[in-house]
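Number of protein chains: 4
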Amino acid sequence: MVNVGIVGAGIRGHMYAQSLAGFPGAKVVAVCDLDPQAARKVADEFGLAAFTDHRAMLERGGLDAVIVATPDFAHREVAVDAARSGAHLLLEKPLAMTAEDCRAISEAVREAGVQCMVGFENRWNPAIRRIHDLSAAGELGQVLTQNILLSNTYYVPTRMIPWAARSSPAWFLMSHTVDAALWIADKPVTSVFASGSRGRLAELGVDTWDVVHALLTFGDGTTANLTSTWVLPESSPSIIDFQYKVVGSRSAVDVDLQDQGFRQAGGSYTWPGLLGGEIDGRLQGPPTWMAQSFVSALAEGRPVGPGLDQGTLVTDVVLAVLESLRTGGVVPLAAPSAA
Amino acid sequence: MVNVGIVGAGIRGHMYAQSLAGFPGAKVVAVCDLDPQAARKVADEFGLAAFTDHRAMLERGGLDAVIVATPDFAHREVAVDAARSGAHLLLEKPLAMTAEDCRAISEAVREAGVQCMVGFENRWNPAIRRIHDLSAAGELGQVLTQNILLSNTYYVPTRMIPWAARSSPAWFLMSHTVDAALWIADKPVTSVFASGSRGRLAELGVDTWDVVHALLTFGDGTTANLTSTWVLPESSPSIIDFQYKVVGSRSAVDVDLQDQGFRQAGGSYTWPGLLGGEIDGRLQGPPTWMAQSFVSALAEGRPVGPGLDQGTLVTDVVLAVLESLRTGGVVPLAAPSAA
Amino acid sequence: MVNVGIVGAGIRGHMYAQSLAGFPGAKVVAVCDLDPQAARKVADEFGLAAFTDHRAMLERGGLDAVIVATPDFAHREVAVDAARSGAHLLLEKPLAMTAEDCRAISEAVREAGVQCMVGFENRWNPAIRRIHDLSAAGELGQVLTQNILLSNTYYVPTRMIPWAARSSPAWFLMSHTVDAALWIADKPVTSVFASGSRGRLAELGVDTWDVVHALLTFGDGTTANLTSTWVLPESSPSIIDFQYKVVGSRSAVDVDLQDQGFRQAGGSYTWPGLLGGEIDGRLQGPPTWMAQSFVSALAEGRPVGPGLDQGTLVTDVVLAVLESLRTGGVVPLAAPSAA
Amino acid sequence: MVNVGIVGAGIRGHMYAQSLAGFPGAKVVAVCDLDPQAARKVADEFGLAAFTDHRAMLERGGLDAVIVATPDFAHREVAVDAARSGAHLLLEKPLAMTAEDCRAISEAVREAGVQCMVGFENRWNPAIRRIHDLSAAGELGQVLTQNILLSNTYYVPTRMIPWAARSSPAWFLMSHTVDAALWIADKPVTSVFASGSRGRLAELGVDTWDVVHALLTFGDGTTANLTSTWVLPESSPSIIDFQYKVVGSRSAVDVDLQDQGFRQAGGSYTWPGLLGGEIDGRLQGPPTWMAQSFVSALAEGRPVGPGLDQGTLVTDVVLAVLESLRTGGVVPLAAPSAA
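Chains as they are written, first to last, in full-length UniProt numbering: chain A, 1 to 339; chain B, 1 to 339; chain C, 1 to 339; chain D, 1 to 339.
Errors might be hidden in some of the hints.
Which copy is meant is left open, so a pair is good if it fits within one copy or across any two.
Simulated pairs of lysine to any residue, SDA-like, Cα-Cα distance not exceeding 25 angstroms [said to hold, decoys possible]:
| # | residue 1 | residue 2 |
| --- | --- | --- |
| 1 | 27 | 279 |
| 2 | 187 | 121 |
| 3 | 27 | 300 |
| 4 | 27 | 2 |
| 5 | 27 | 280 |
| 6 | 187 | 296 |
| 7 | 187 | 266 |
| 8 | 187 | 279 |
| 9 | 187 | 208 |
| 10 | 187 | 280 |
| 11 | 41 | 284 |
| 12 | 187 | 198 |
Quick caveat, the hints were computed from the structure, so don't treat them as lab data.
The task is simple: from the sequences and hints, build the whole structure.
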């Protein structure tokens with residue numbers, strides 16, 4: 001039985017608690033949030049111990065694994081402390097927002113000899129996984145280009161995430177699509193060029209990028225083209241727009257996750273999505289399957305992944321996107337292998 | 001641990017074995033098929049005992065549950081024998097093709113005091129379940145009408161099912177959509193009118209209906225309109241066309257499961273579907289989740305369902321469809337409650 | 001130059017005036033409406049003479065053609081008078097709502113030796129026309145079945161058409177789809193069965209059918225399945241839902257005119273449609289092209305169509321639908337050829 | 001009556017002849033092609049005089065307008081000679097492939113005092129025009145970003161265009177999308193960055209780019225992201241993939257012209273498209289409407305457009321794309337107004 005503690009009792013922390021509730025081989029036992037009411041609420045719903053200080057939670061002992069569901073900028077301290085306590089880690093993506101934080105977490109994990117998964121949940125999205133599996137099986141041939149669009153309505157930066165001004169479409173959305181692009185292409189990125197604009201969200205008090213485009217070039221000269229925006233109208237039927245096109249030398253795949261085949265016209269017109277939700281009272285969906293995969297692997301002594309190398313690589317690419325936005329120039333990348 | 005035997009080692013028997021392989025709390029131990037090679041193949045793949053006579057399998061003992069995955073017309077004997085042996089049952093839909101067979105199975109189950117699930121797997125289809133849940137929660141209001149189209153390409157009757165001439169779009173496809181329509185409407189059917197045509201499949205040596213339409217009328221005067229054909233061209237990107245529209249007094253839902261958001265252009269152009277397939281090497285999808293629900297319920301001592309009442313009701317409606325096709329007239333139904 | 005008078009200055013009368021404004025070879029010169037303000041408004045916009053009595057308009061003389069855009073129940077008198085005055089006719093569909101009215105109009109037209117087009121505008125809908133052309137060219141093979149759904153939101157019966165209680169989804173919508181089904185199948189209908197429900201619109205003060213389904217059987221035993229409702233939620237992105245599936249022995253066609261490839265998220269989420277609208281300041285779309293076809297044919301001395309035979313046939317089928325709704329039984333049809 | 005000569009008797013020249021056949025106010029009288037058989041074929045079909053030397057055609061006199069439908073690289077000489085002969089011009093896009101050719105054509109047109117339209121036919125595509133009209137009416141608010149994908153299957157570069165190696169997705173496809181992006185944004189482009197790859201088409205003997213991405217930055221800091229490829233699999237249901245997303249500060253529009261609502265499964269699975277084709281035996285579609293608009297404007301003495309300024313601007317942007325592909329750097333543009 002894998003005993004799990006969760007740090008962060010927001011939307012994601014709650015989702016992880018629900019994902020593992022009743023899942024064979026794992027037991028969430030504690031939850032921690034700087035906000036005592038938030039921690040208490042999740043603790044009460046799932047019968048957990050509540051903490052406001054992650055060190056207190058770790059010191060109580062008995063945790064085999066810790067899920068770090070804090071804001072993007074607040075991963076390092078919790079992750080390092082949890083690793084040093086001997087707990088395996090599931091960290092929300094992105095791994096961290098600076099190369100230094102990535103290194104610090106990586107060193108702590110290595111020194112503690114624990115395992116670490118970075119939460120690129122789209123690897124459990126059936127569409128993205130299917131593209132990857134086709135690519136890995138050679139059915140795409142050489143991956144010639146990818147066009148990936150992942151955007152949100154204004155709801156996400158202005159009402160869902162309190163710390164949106166410290167994030168951006170590049171961090172919040174492109175960390176997903178950069179990971180997917182690298183996972184599917186399976187070749188090193190050698191340069192990044194980005195463009196984008198800001199102003200609309202700033203007017204609404206969230207001073208960050210409205211729109212970000214990134215062109216990635218791989219070692220073999222092929223490309224990926226990523227766009228993420230945070231300025232879709234709130235009248236959109238879904239808060240997420242996700243479309244993914246891959247052209248390979250043998251096959252092309254065109255994924256459109258907009259309505260997912262389910263359209264509802266009631267009080268308003270909505271696309272609630274079919275890739276998540278509850279079946280038989282059990283939460284389903286990519287982040288749930290990811291969390292379950294994490295604890296199952298730990299329970300069975302298998303390695304977890306994607307891990308720190310990939311997490312660091314994705315952070316490096318997003319940092320290059322931001323540098324290109326800042327400088328207006330092409331940013332070369334030293335090429336580690338896309339693990 | 002629920003020990004399971006499977007009767008029928010075709011596509012579906014294999015799928016059930018795979019669905020339960022490694023699933024916590026259940027263990028498939030035996031498989032039976034009249035064709036010894038078919039039984040042996042599945043037995044070898046999953047490490048099971050192989051049988052060609054279901055009685056021999058039952059007599060060996062130790063089976064808590066039996067999955068009956070024989071052709072539609074061949075459920076009765078196996079089901080009755082398995083029930084009498086004390087095993088719980090998961091029966092492929094339709095429960096049976098005659099009212100008499102339904103009664104015989106029901107009596108055997110009742111006398112043996114075992115449980116019986118009828119395999120209406122679309123109750124685990126996220127789209128259909130979502131509609132049902134909206135309906136059950138009152139979000140649709142009164143269900144005013146349903147238009148359900150579930151069809152196959154020629155592949156299914158001419159190459160996939162050897163016994164297609166003994167089945168029809170009414171049995172093979174409408175048993176799904178009749179169940180869904182009744183589950184979602186949750187009110188008794190009072191009459192059935194059907195029309196259809198035949199001739200194309202007969203020319204190809206499969207003497208059954210090409211096209212079947214059925215109009216169901218419920219006790220409150222509202223309707224459902226079902227169409228199933230077996231004559232879609234084989235150039236279609238999927239062997240299944242499934243579209244479901246529900247209009248309620250408060251909301252309408254429009255489900256289109258054609259491409260499921262994933263389109264692949266390779267050697268040919270295909271929609272492989274996202275609602276099934278493997279994730280992390282584990283089979284997923286409606287029939288898998290149904291089989292897992294069956295064994296989980298048994299393991300935890302919960303009732304299984306949908307059960308014999310619903311199975312009998314669906315068979316009654318399909319029989320009424322066929323009678324209407326035969327007579328050209330409206331067929332009234334005595335109205336049990338749609339359990 | 002074909003001089004045209006329009007009777008009826010509502011949405012449709014206005015559309016016809018706009019459709020012919022500046023069209024080579026035709027000139028709308030007069031408009032008539034029982035409501036003097038309505039007539040005046042259209043007359044002023046397009047520089048026409050305004051009338052409140054169609055006889056006065058006809059007596060003024062000089063009209064080569066009359067477009068009858070009155071409510072469905074009010075075609076006969078205007079059509080007969082216009083024909084007797086020697087004008088060619090373009091009549092809104094349905095031709096009339098009784099067999100007697102159809103006969104009266106047909107006799108007047110025949111006696112006057114004028115031409116008559118019945119406004120089945122979907123024959124100028126590129127999708128429907130394409131299906132027809134494929135069928136006529138033999139590319140569909142034998143037409144095995146058609147599933148046609150044409151529905152509206154509550155907006156149409158409760159706010160757009162003042163006389164909705166005297167119409168129904170059968171008259172207003174199925175006159176389109178019955179015509180299309182017969183045009184594409186090109187074989188006689190031998191029987192009709194219909195079901196449906198009412199109650200929701202009646203609660204809103206429009207006492208007519210909410211939902212109508214009709215199963216048509218053709219002389220060769222094949223079928224068509226039509227559904228029309230007037231109870232789609234007003235949150236739907238379009239006031240029209242139109243889907244058309246045809247399965248032939250050689251090809252199948254699947255038409256979905258829901259979003260027409262254009263989705264707009266602004267103040268609300270809408271599908272404004274691409275098959276109509278203005279191009280270069282000129283109105284385009286099926287009814288416009290139909291009206292232009294009508295005057296062009298007259299100008300060039302070609303026959304117009306679809307004509308009275310088809311108009312009468314469609315009315316006969318819709319009357320059979322309503323009779324089946326009333327009696328609950330199958331209604332046989334004497335089979336004229338589907339002209 | 002506008003007398004028209006067409007230079008180039010390939011797919012496009014034929015289409016123009018058909019587009020104007022019987023169109024009021026215009027008459028195609030001559031066609032010219034270096035290949036005498038090609039010229040003869042079109043001439044015979046439409047009753048035209050056939051030429052192999054455009055000068056001979058011009059010298060015969062009597063031409064009010066000349067349509068230049070030669071390969072992209074072969075516009076200059078024909079255009080200059082036709083302008084000097086006093087004929088108005090409709091030039092296939094792109095205007096020319098070098099700045100010098102653009103200048104030479106522009107000077108000849110200006111000196112001759114004739115009019116010139118550059119054939120950006122997507123301005124007559126209902127979807128693109130609708131976006132433009134929304135933008136021009138202020139309904140989009142500030143245009144924040146555009147994502148435009150316009151690609152072809154291998155068919156186009158390997159079998160449809162004999163001179164594909166002298167063109168590229170940048171010239172052949174992006175001249176459309178650059179024009180659309182500028183027309184809709186209506187603000188000057190200040191810089192261009194492009195990336196892409198080659199190799200697949202080269203292997204097939206067509207030594208040009210497989211994939212081109214271009215990021216445009218406008219004077220207000222906003223962006224457009226264009227992708228065009230020529231390497232979609234031939235199993236794709238359409239030879240064209242066209243998707244267009246615009247995000248404005250007030251509305252967003254999402255256009256998907258893939259299946260255009262019409263899917264046909266016959267000998268193969270195809271999306272034949274609804275935006276073109278014949279209605280009532282008359283060719284319809286964007287290039288037809290463009291040609292008709294050209295001759296109508298001439299007949300009525302109105303200015304034609306889009307004209308040389310826009311044609312030159314688009315060529316400048318495409319040249320910048322190619323320069324960026326060559327240098328790997330950002331290419332600044334002197335900003336004329338996007339006319």
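Comparing the hints with the structure gives:
In this assembly of identical chains, the alpha carbons of residue 27 and residue 279 lie at most 25 angstroms apart whether taken from the same copy (20 angstroms) or from different copies (23 angstroms). Only within a single protomer do residue 187 and residue 121 lie at most 25 angstroms apart by alpha-carbon distance; the minimum there is 20 angstroms, versus 39 angstroms between protomers. Taking the shortest Cα distances, residue 27 and residue 300 sit within 25 angstroms of each other both inside one copy (15 angstroms) and across copies (18 angstroms). In this assembly of identical chains, the alpha carbons of residue 27 and residue 2 lie at most 25 angstroms apart whether taken from the same copy (6 angstroms) or from different copies (23 angstroms).
Taking the shortest alpha-carbon separations for residue 27 and residue 280, both the intra-copy value of 20 angstroms and the inter-copy value of 21 angstroms come in at or below 25 angstroms. Taking identical chains as interchangeable, the C-alpha atoms of residue 187 and residue 296 are never at most 25 angstroms apart, the minima being 29 angstroms within one chain and 43 angstroms between chains. Taking identical chains as interchangeable, the C-alpha atoms of residue 187 and residue 266 lie at most 25 angstroms apart only when they sit on different chains, with a minimum of 22 angstroms there against 46 angstroms within one chain. For the homomeric pair residue 187 and residue 279, the shortest alpha-carbon distance between copies (23 angstroms) is at most 25 angstroms, but the shortest distance inside one copy (37 angstroms) is not.
For the identical chains of this complex, residue 187 and residue 208 are inter-copy neighbours only, at 23 angstroms across copies versus 31 angstroms inside a copy, given an alpha-carbon limit of 25 angstroms. Taking the shortest Cα distances, residue 187 and residue 280 sit within 25 angstroms of each other only across copies (22 angstroms), while inside one copy they are farther apart (40 angstroms). For the homomeric pair residue 41 and residue 284, the shortest alpha-carbon distance inside one copy (22 angstroms) is at most 25 angstroms, but the shortest distance between copies (33 angstroms) is not. Taking the shortest Cα distances, residue 187 and residue 198 sit within 25 angstroms of each other only across copies (17 angstroms), while inside one copy they are farther apart (31 angstroms).
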